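The lines below spell out each chain.
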Amino acid sequence: MKMMVLKIAFRNVFRQKRRTILTALSMFGGFVLAAFFIGWADGTYNNIIDTFTRYNLGHVQVHEKSYSDRPAIYKTINNLPEIEKVLDNTKKITSWTPRLFSAGLVSVKDKSVGTRIIGIDPEKEVRTTKFDEKIVKGRMLAKTPAHEVVLGKGLARILKADLEDEIVVLSQGADGSIANDMYEIVGILDSGDEISDRASFYLHLTDARELLVLEGRIHEIAVTVNRLSDADGVVKALREKIDDPRLTVEPWQVFARSFYVAMKADKEGMWIMLVIIVLVVAVGVLNTVLMSVLERRREYGVLKAVGTRPSQIIKMVLAEVNILAVVCILAGAAVGLLLNYLFSVHGISLPEPISYGGMKFQHMQAEINARSFYIPAITVLFVATFVSLFPAFKAARTDPARSMRIH
Amino acid sequence: MSNKMKNEANIIVTKNIKKNYRDNGIEVPAVRGIDLTIKPGEFAAIVGPSGSGKTTFLNVISGLDSATEGKVWLKGKLLTDMKGKELSDFRRDHIGFIFQSYNLIPVLTVEENVEYIMLLQGVDKAERHRRVLEILKEVGLEEYADRLPPKLSGGQQQRVAIARAMVSRPSLILADEPTANLDSKTGAGLLDMMKELNKKTGMTFIFSTHDEMVMKRARRVITLKDGRIAGDETKK
Amino acid sequence: MSKFSRVSIFPVFLSLLLTLSLQGDAEQGDAKEIVKKMDELYRSSSSFASMEMEIITPHWQRTLKLDAWSLGMDKTFIRILAPKKERGIATLRIDNEMWNFLPKTNKVMKVPPSMMMGSWMGSDFTNDDLVKEYTFLDDYIFGFTEVDNPRENVLYVKCTPKEGRPIIWGHIIIAVKDDSYLPIWQKYYDEKGKLMREIIYKDLKKFGTREIPAVMELIPHNKKGNRTIVRYVTAEFNIKIGKEIFSLRNLRSGI
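Residue numbers (our numbering), protein chains in the order written: chain A, 1 to 407; chain B, 408 to 643; chain C, 644 to 898.
Extracted from the complex, chain A is given alone in its bound form (with noise of 0.2 Å):
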């Protein structure tokens, strides 16, 4: 009987053409939409993601563990060397550098203003993040300690700098002296990160830690790892191997927090778009399975009258539109793979480039995952099945004797 119900389910699809091309249009074009706004989405966030951690604050990061509470110049690493070894021995890091941070006044002419003092060693520096790509106007940080700074773009503006300009800095060493000292300006650069940029001022590390009296000391380890999932598996192994209390490993979700929030928050936006798409998948469903059922309310009264089950009914009703759900969903994914592949592989550059939290994005991708394809296609299944239910038991429940009364 079950082969019956299917067969009956199945040619009911090709009864209405015209009908059932509108209904399934309305599942493919659904689902379609779903798979390429969710590949869309997640590609345009992994990128966002991607550029914010890989190119800026790396994907792991090693601190003295009250470090990101509350920072401080005493929370230092003091075991580099011994951190090193662990790190080039652990898998899945593609690069990783070390930075010392504090906050000072800079000033070129007659300007001031706070900033934030960036320790970092240019090499590693260039091979982690690719620092020197930032750089817009001038050069990199010489490798070897020479009194050199690269200004963020907006720390520039403010201070009315340019290159070769002389900038004083006057901090606090960590042991309480007055730090100052001055250095040339050698690079501008601009991290996409508009409000760290207001504020960045980089330095040799060497340089950095003899302005503030921190020998053989760093604040950050900033690692990278070969792919933005691998980070919790490193973090994991890190945390095994480096054998000292007073630090912590973290992965970007935690030290980034408030932007891992915050892209949280914003993908919960893909849950408008698929309320849409239910919306159009129920309209166009719930329309076509209604006027079938009623137009075929004598068949149902005939199969009720030979002895048929208001159960066998409602699932003659619901294959029939998973049958069609099914054809849509497979259509959909092939239409939707190609768009997706064909958006992962080329994108679109914006004219404008976006800001996304203070990181400026031109850039837009689509990428291509499982979840842009099963989503949708649970999202269609279940409305599909969900909107019929109440046709299904309208059919369920037609009285032979009354429906055969219809002439």
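If you are wondering where the hints come from, they were derived from the structure by calculation, not from laboratory data.
Please read all numbers here as calculations on a predicted model, not as lab measurements.
Possibly wrong hints are sitting among the right ones.
To be verified - Here are the computed lysine-lysine pairs in the DSS-like style, where the Cα-Cα straight-line distance is at most 27 Å:
{"#": "1", "chain 1": "A", "residue 1": "K315", "chain 2": "B", "residue 2": "K490"}
{"#": "2", "chain 1": "A", "residue 1": "K315", "chain 2": "B", "residue 2": "K422"}
{"#": "3", "chain 1": "C", "residue 1": "K728", "chain 2": "A", "residue 2": "K75"}
{"#": "4", "chain 1": "A", "residue 1": "K109", "chain 2": "C", "residue 2": "K750"}
{"#": "5", "chain 1": "C", "residue 1": "K750", "chain 2": "A", "residue 2": "K111"}
{"#": "6", "chain 1": "C", "residue 1": "K867", "chain 2": "A", "residue 2": "K109"}
Given chain A, put chains B and C in place with the hints provided.
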């Protein structure tokens, strides 16, 4: 003869059947108390003008519709007490239906339409096939087994309906105006065939009609008027 | 502390010293009268002091030696003499503006408004403490108050900011000797009544003809283990000070 025995010996026994319909909040009586007994193997016509209660009465005795009052025994079983699955299975196993039109599932072939009830009954495949072929031969449609109903003429469709009604070998065939949508010649042919099958198989046939030609072929003619039996005549 | 304070430690400190130096003039007036005298005297005074500033934190401890000049309510000049690394660093404040001179680079650096809440030379004083004009009298309402465990012969003045004044403190309580009006301590509370910092005055010492507390200890209660102690080595009041001291040229000139 006790009531029970009497009921078992007959195909149908009805007692004071009444059926009212609600129409705009007013109770409209369609059947106003019918006592009727049908014996096995009868070939009976229920006749009467439109609105006399023929269809309603047929629906009530087949369990498609519930009676407002009164009782129906089918093969000694009190049909009016059955409900849901029990009623539906009983109907499936004991009554064959032929409706005025739209009898068949248009997406199923002639063979599949006829096979349908046996599928519900769980008859195995070989047996189904054998019986379908047999009955289609009987109604002269063996060559049309793979056709879809919309490709058949009205008479052919009704013959398929007869085949479907009979294939599960029920005790009773109920036909509600089976010839209403056919021309008189086709109608006559169909009736002759039903009569033939009645004779051959001994199945009981009850059909409603207001067609003179159909009435002439019936052995028993029960006349309804305003929901009551106005005449009951059995030909010799 | 997120907002700018209009209560500045150095002026408070200096003015209190000046007030105390004229203690004989103070009548048994009400609370406001005491503060009024402070304010008036401060406006018309000048001073030179040589002091030590000891900064104590959980991580380090150091002592700066410095010379400080003040003129009126709006001009201050401070030069660091020791330790060696900081020798010659100077701060000039005129009205609401402030500059630092850094001898190592031979540059003058103006302190931007955004850095006013930053620490002055690593101490618990903020740049703001040195800069903000001291309009205590205008900004606050004064009244005597009770405290827990009051000491004999001590007056407690409660200073509550007037509505709409940009003051971060909820209130300030000043404890003074009832006869001499010598300050004993000063406590700063936030709007929820939580003690944020306190200044303790001690070690009476005679400078010229005046006897004043020569030690002032600032304890910030939001920074555990931090203290800044200022010790007056010498002090002169109401002296003639040339205006040229308070100039950028002088700032740049070094020691």
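For each hint, the structure was consulted:
For the hint pairing A:K315 with B:K490, the CA-to-CA distance comes to about 22 Å; that is within 27 Å, so the pair holds. Under the criterion of a C-alpha separation no larger than 27 Å, the hint pairing A:K315 with B:K422 is inconsistent with the structure, at around 39 Å. Only pairs whose Cα atoms come within 27 Å are accepted, and C:K728 paired with A:K75 is accepted, the gap being roughly 24 Å. Between A:K109 and C:K750, the direct Cα distance comes to roughly 9 Å. Compliance with the 27 Å bound is thereby established for this hinted pair.
A C-alpha spacing of about 12 Å is found between C:K750 and A:K111, which places the hinted pair at or below 27 Å, so the restraint holds. Only pairs whose Cα atoms come within 27 Å are accepted, and C:K867 paired with A:K109 is rejected, the gap being roughly 37 Å.
Figure legend: structure checked against the earlier numbered hints; hints not met, in rising order: 2 and 6.
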